[in-house]
Amino acid sequence: MSGHGEPIPMISQRGAPLTGEAHVPGDKSISHRSLILGALAVGETRVTGLLEGQDVLDTAAAMRAFGADVTREGDGTWSIHGVGTGGFGEPDKVIDCGNSGTGVRLIMGAMATSPIAATFTGDASLCSRPMGRVTDPLSLFGTRAVGRTGGRLPMTLVGAADPVPVRYTLPVPSAQVKSAILLAGLNAPGETVVIEPEPTRDHTERMLAGFGATVTSEAGPEGRVITLKGQPELRPQTIVVPRDPSSAAFPVCAALIAEGSDVLVPNIGLNPTRAGLYATLREMGADLTFENEREEGGEPVADLRARFSPAMTGVEVPPERAASMIDEYPVLSVVAAFATGPTVMRGVKELRVKESDRIDAMAAGLRAAGVEVEEGPDWWIVHGRGMGGVRGGAAVASRLDHRIAMSFLVMGLATQRPMRVDDGGPIATSFPVFEPLMTGLGAAIGREMAEA
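Per our numbering, residue 9 is the first one in the sequence shown, and the count goes up by one each step.
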């Protein structure tokens, strides 16, 4: 059942080739950070291209609760009048982050070094996810957290009245944890240092620098060392949000497996810490090209063209690539089902603690559709059946996870029999225009009416 209403059963099946341009929403990671850093700046930040999915709207509501003036203008531009570093006020109601792990963890970091308290909650999926990976390092600043057993929401954070700078080595690759620590470090004196043994997406470092913070990133013997000088006055910015490469993955992968397809996805962010899926697809033999490569707002972007690729083969994805494509493994596993031979994915234990256990969710649905899958705690293997060789015909559970729902709807565009998803409601959290965008390309995706 959807965390935001009644379940929305959906179905997809083979149909016409996908053709045309897919204008996917703005990047979710950059959208969250634009709102949070705008709220911590002094003056007005203006944002165009913001993803208006529920996850980001929940973050906008949270920034209002902490005292920032956040409004949407008639032309779709967002205006954020910030309160300055350390200027958050104590909210008078519970902060509901819905389905967003990124939102809640970054917001916790942003308020962790202000002398205020805030209580956080979310939907059933978010309340099942571990928060200790963020609250443990935040406690080093002097922050206190009280939540349910196992460090789960609902949870109250009491910000540090006299924060101290922190030096912290990430135990697992996580841009969310890194970002929470850096945001907390904004209102701590001295230098806060995060060491990441494996690189993760670097939007926070790029945007902090753009807002006027002094932040450096250097290679060291233990990994990448990110150093932030605390207590800056952040300058407001004008931000154009590039389109989300994680959302682009769905029309791109659909084009690769739906016979005769040719789809262009313009203005996609191709930050190297986010582009692992596209490198992997090319290694599999996908007909994927980057056109009009350029840079906008400090982020590399390009127009991405994907064409039907009937002769893809399975590959072994390098474990060190996992951080740059962690959200794309579900839809990659769908493409792998239509490739020839096994696709091996290792170093992916982070998938076990996303909105759902994504390895288990995808493995169950793929098996129900006639695909052989092996799995372990930190790895899984999809044995591809080749183009046209996947039976389909399965009804799968989305498990309150937008990427699971979209992945199986993409799968149904190339299976022998239709695929059904019990609830497409969670898709609105990140890709609210998924259904009309895909049907506009020619995809046979829709809501399934209940029998009378």
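Hints in this document: simulated from the structure, not taken from any laboratory.
Small disclaimer: the values here were computed from a predicted structure and weren't measured.
Incorrect hints may appear among the rest.
[What the hints assert, rightly or not] Straight-line distance between alpha carbons at most 20 Å, and here's what the computed SDA-like set of lysine to any residue pairs gives:
id: 1; residue 1: 101; residue 2: 154
id: 2; residue 1: 357; residue 2: 207
id: 3; residue 1: 362; residue 2: 323
id: 4; residue 1: 357; residue 2: 384
id: 5; residue 1: 237; residue 2: 224
id: 6; residue 1: 362; residue 2: 391
id: 7; residue 1: 237; residue 2: 138
id: 8; residue 1: 101; residue 2: 164
id: 9; residue 1: 357; residue 2: 160
id: 10; residue 1: 357; residue 2: 138
id: 11; residue 1: 362; residue 2: 163
id: 12; residue 1: 101; residue 2: 170
id: 13; residue 1: 357; residue 2: 170
[Unchecked claim] Quick list of the computed label-pair ranges, beta carbon to beta carbon:
id: 14; residue 1: 397; residue 2: 29; range: 45 to 55 Å
id: 15; residue 1: 401; residue 2: 224; range: 18 to 28 Å
id: 16; residue 1: 360; residue 2: 397; range: 26 to 36 Å
id: 17; residue 1: 360; residue 2: 222; range: 30 to 40 Å
id: 18; residue 1: 79; residue 2: 394; range: 48 to 58 Å
id: 19; residue 1: 293; residue 2: 125; range: 47 to 57 Å
id: 20; residue 1: 175; residue 2: 399; range: 46 to 56 Å
id: 21; residue 1: 293; residue 2: 97; range: 22 to 32 Å
id: 22; residue 1: 125; residue 2: 50; range: 48 to 58 Å
id: 23; residue 1: 129; residue 2: 268; range: 39 to 49 Å
id: 24; residue 1: 349; residue 2: 54; range: 46 to 56 Å
id: 25; residue 1: 97; residue 2: 231; range: 11 to 21 Å
id: 26; residue 1: 397; residue 2: 357; range: 47 to 57 Å
Ideal Cβ positions, reconstructed from N, Cα and C, are used throughout, including at glycine.
These are the hints, each one checked on the structure:
1. 101 / 154: holds, 17 Å
2. 357 / 207: holds, 16 Å
3. 362 / 323: At roughly 24 Å apart (the allowed maximum being 20 Å), residue 323 and residue 362 break the hint.
4. 357 / 384: holds, 9 Å
5. 237 / 224: holds, 9 Å
6. 362 / 391: This hinted pair is violated, its Cα atoms lying about 23 Å apart.
7. 237 / 138: violated, 29 Å
8. 101 / 164: Judged against 20 Å, a Cα distance of about 12 Å means the pair holds.
9. 357 / 160: holds, 19 Å
10. 357 / 138: holds, 14 Å
11. 362 / 163: Judged against 20 Å, a Cα distance of about 18 Å means the pair holds.
12. 101 / 170: Roughly 24 Å separates the two Cα atoms, so the pair is violated.
13. 357 / 170: Violated, at about 36 Å.
14. 397 / 29: 45 to 55 Å: violated, 30 Å
15. 401 / 224: 18 to 28 Å: violated, 54 Å
16. 360 / 397: 26 to 36 Å: With a Cβ separation near 29 Å, residue 360 and residue 397 satisfy 26 to 36 Å, so the hint holds.
17. 360 / 222: 30 to 40 Å: With Cβ atoms ~36 Å apart, the hint holds.
18. 79 / 394: 48 to 58 Å: holds, 52 Å
19. 293 / 125: 47 to 57 Å: Holds, at about 54 Å.
20. 175 / 399: 46 to 56 Å: For residue 399 against residue 175, whose Cβ atoms are near 53 Å apart, the range 46 to 56 Å holds.
21. 293 / 97: 22 to 32 Å: violated, 55 Å
22. 125 / 50: 48 to 58 Å: Given a distance of about 24 Å, which is not inside 48 to 58 Å, the answer is violated.
23. 129 / 268: 39 to 49 Å: Given range 39 to 49 Å: holds, Cβ gap about 47 Å.
24. 349 / 54: 46 to 56 Å: holds, 49 Å
25. 97 / 231: 11 to 21 Å: Violated, at about 37 Å.
26. 397 / 357: 47 to 57 Å: Given a distance of about 30 Å, which is not inside 47 to 57 Å, the answer is violated.
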